[in-house]
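Peer 1: The number in my numbering is simply the position in the sequence shown, starting from 1, with 1 added.
These are calculated hints, taken from the structure and not from any lab test. Incorrect hints may appear among the rest.
Computed beta-carbon distance windows for the label pairs [unchecked claim]: (1) P215 x D269: 28 to 36 Å; (2) T335 x K36: 47 to 55 Å; (3) R271 x E346: 39 to 47 Å; (4) R515 x D695: 28 to 36 Å; (5) C665 x K401: 22 to 30 Å; (6) L404 x D269: 49 to 57 Å; (7) R334 x P166: 56 to 64 Å; (8) A90 x S164: 37 to 45 Å; (9) V298 x T265: 50 to 58 Å; (10) T203 x G307: 22 to 30 Å; (11) C665 x T133: 57 to 65 Å.
All C-beta atoms, glycine included, are put in the ideal place defined by N, C-alpha and C.
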Amino acid sequence: MAFKQASLVLFSINAKGLNIPEKRSTALTDFRKHKASIVFVQETHFRIGSRPRFTDSNFPTGLFSDTPGSKSRGTAILFHKSVPYQEKATLTDENGRYVFTKGQIAGLLFTFANVYVPNKAQHRFLAKTLRTLHTFSEGTLILRGDFNVPLHPSVDTSTGRSSMPSHVLRSISHTLHSSRLVDCWRGLHPTDRDFSFYAHTTASYSRIDYIFLPFFHLHLLLSETIGNITWSDHAPVIATFLCPTFRPTAPNWRLNDAHLADPTLSADSRLVLERYFEENVDPEIPPATVWEAHKCVMRGHFVSVGSAIIKRREAEIQDLLSKIDTTELQHKRTGEAALLSSLTELRRSLADIMNTKHHRDLRRSQAYFHVNGNKCGRLLARQLAKRRTATYIPSIRNKKGDLQHLPQHILQSITDYYKSLYAVPGSPSEAARSQLRLDIDRYLNRFLTRKVTPSAAELLDEPLTDEELRLAIKSTQSGKCPGPDGFPTHYYKHFADILSPHFLRAFNSLSDTRLLPPQSLMANIVLIPKEGKDKEHCASYRPISLLNCDVKLFAKILATRLNAHIPSLIHLDQVGFVPHREARDNTIRALHLIHAAPRVPGGLLLLSTDAEKAFDRAGWDFIFATLRHLGLGPSLCSWIQALYTGPSARVCVNGIFTDSFPICNVTRQGYPLSPLLFVLSLEPFLEAVRQHPDISGVSLGRDPHKVAAYADDLLFFISNPLISLPNILTAFEEYYTLANLKINFTKSSILNISVPSHRVIAMRPTLPFVW
């Protein structure tokens, strides 16, 4: 993991009112084009209680100081989604003149101040405001604002003079000097002249927009420029600051579905696909390699297509901006009225283009909300997701328990945690592994009594068919996030007629013990914080694996085949992931047993256990041995084993991917096959509990009831607990030892339980067994 010192781009502008939707859209687009990290806006003209929405997916966080009573003044600070800003406190002015905020960015404390100085008595306002700011500020202070006064008229105005009284200028200079604040632009350009505002009344330019930094933090300043006057009457001021702990997000390509909706682009892509397979299908090359390589070719094709579209769209805008830049520079030097007229026309043309884009996006958005607004779907999920806690991880504890703040240390700590989580405990020798396989076989021979019939095994081993693939594609929901290859399900639906034969050829070939390319089995892991958990611990985040859609389709076909036989292989006690069974079946049974407790000699103990990280700890040797003992054929076993031979993953932390690491034990989330493999591998343990003569259950009807399974949540019904509990622990230990897993609670914590007669005791161990 190579880290470079990254920078924060500060964008500041006096907007001269943002109550018009088109202007807000233009502003947000401009912020994005300049790659702004933090945006300071003056004169938003937002009124308290009626502020319009001025955030979007790129700038989701905004802090505002609005005006009471009228649409005037107003200031705002916006943060880009890639900036890991954690707000500590915010202070606003009752008249909308300033907004101060302080907080942390990756462990470093910053104070950002945005000020809009009135056009009268600037020195008094500034002195009072800076006193308030110094009381409030902590860490590195960055002050930005429209001061409504050129500090040095001789170089900060086009005429070389100002109507501002000299004592006001001296007072402002003294206030800034006593506060140790330095004008960043003048510090980098001591003799240059450039301006940020054009006054039509005086037909003159001036520089009245500033960014200030304490002199002892000037080493953080990398650059500062003044942009062009376009959609506002002020030019933006753009500064770049060094932030050694801030890391911008890493790009992650995914196919834009709009490329498939365009008939011309779709036809071109179809030709590229057909030509690729015509030229590269060769008996000497493994079909899985040909299949995986086609994604590289198509990715390059779509990247070039997307770049061309963006270039065409931006060419006209860039041409106008270039003309505006040239004309504005000439007008600053000469002040000719003809140049001002030409400049106004160019700015109007640019605004028309931006407004057209805004209206097109608005119509698309309105249509989408009209269709999906009252549905419980992705739109609702996205709206709810905005209200959840941000997934940014500001600090994490490493395996020694030390708190880490720097990005490279956070990534390393999380990588170490998941490497350990998905690794086989210890490093067993080949002899030890051989002995373990023998022990697993003996265990399964004792407790795995149900098997598929030979005829069913032959049907399960039949080559994958086009009909199965078609049904898998059709039943897979579009719009879900793709895996590392970036190709969503819609891609396979759109080009199904071309891709299906080669898909079947590639994955059917795995029955000959061939393997998938490593990149096919790569996963991106996204971390979601668990509610109520300490976010400084790696275990407090839920890992969500994003897998390649083609491999998920393959797993779905296998799961569909196996699903039909699951009910005959799994006892009725297990209701999790078994077709045509529901959790309420076990719940009703538990209620009946509770009502029967007074008739149970010695009372009834309900022992509820929960497997921690169940899907992340399943041992492959045990799973594959279970599949063989179930009587599944060699082709199906080879297909399943191909999905678990050489997989790897990388974790996305604050927008950055860690180095990839191997996965050695997991029923991977996202595979439709994973739940079935889990319940099949758990069944031998449940059967061991049922068959154990010294584990006493409750007899209600013809059969004794000992356990109810909700996937990995197990509920035991135990009579005579002083005898039964030690044997349950023994069964736990035997099962999890064979699966290379361990138990995390001691016998004594359960043996000391006394059970009064005719009572039900519900118990949930404080130390659950760990997968």
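Peer 1: Of the hints stated earlier, which fail here?
Peer 2: 1, 2, 4, 7, 9 and 10
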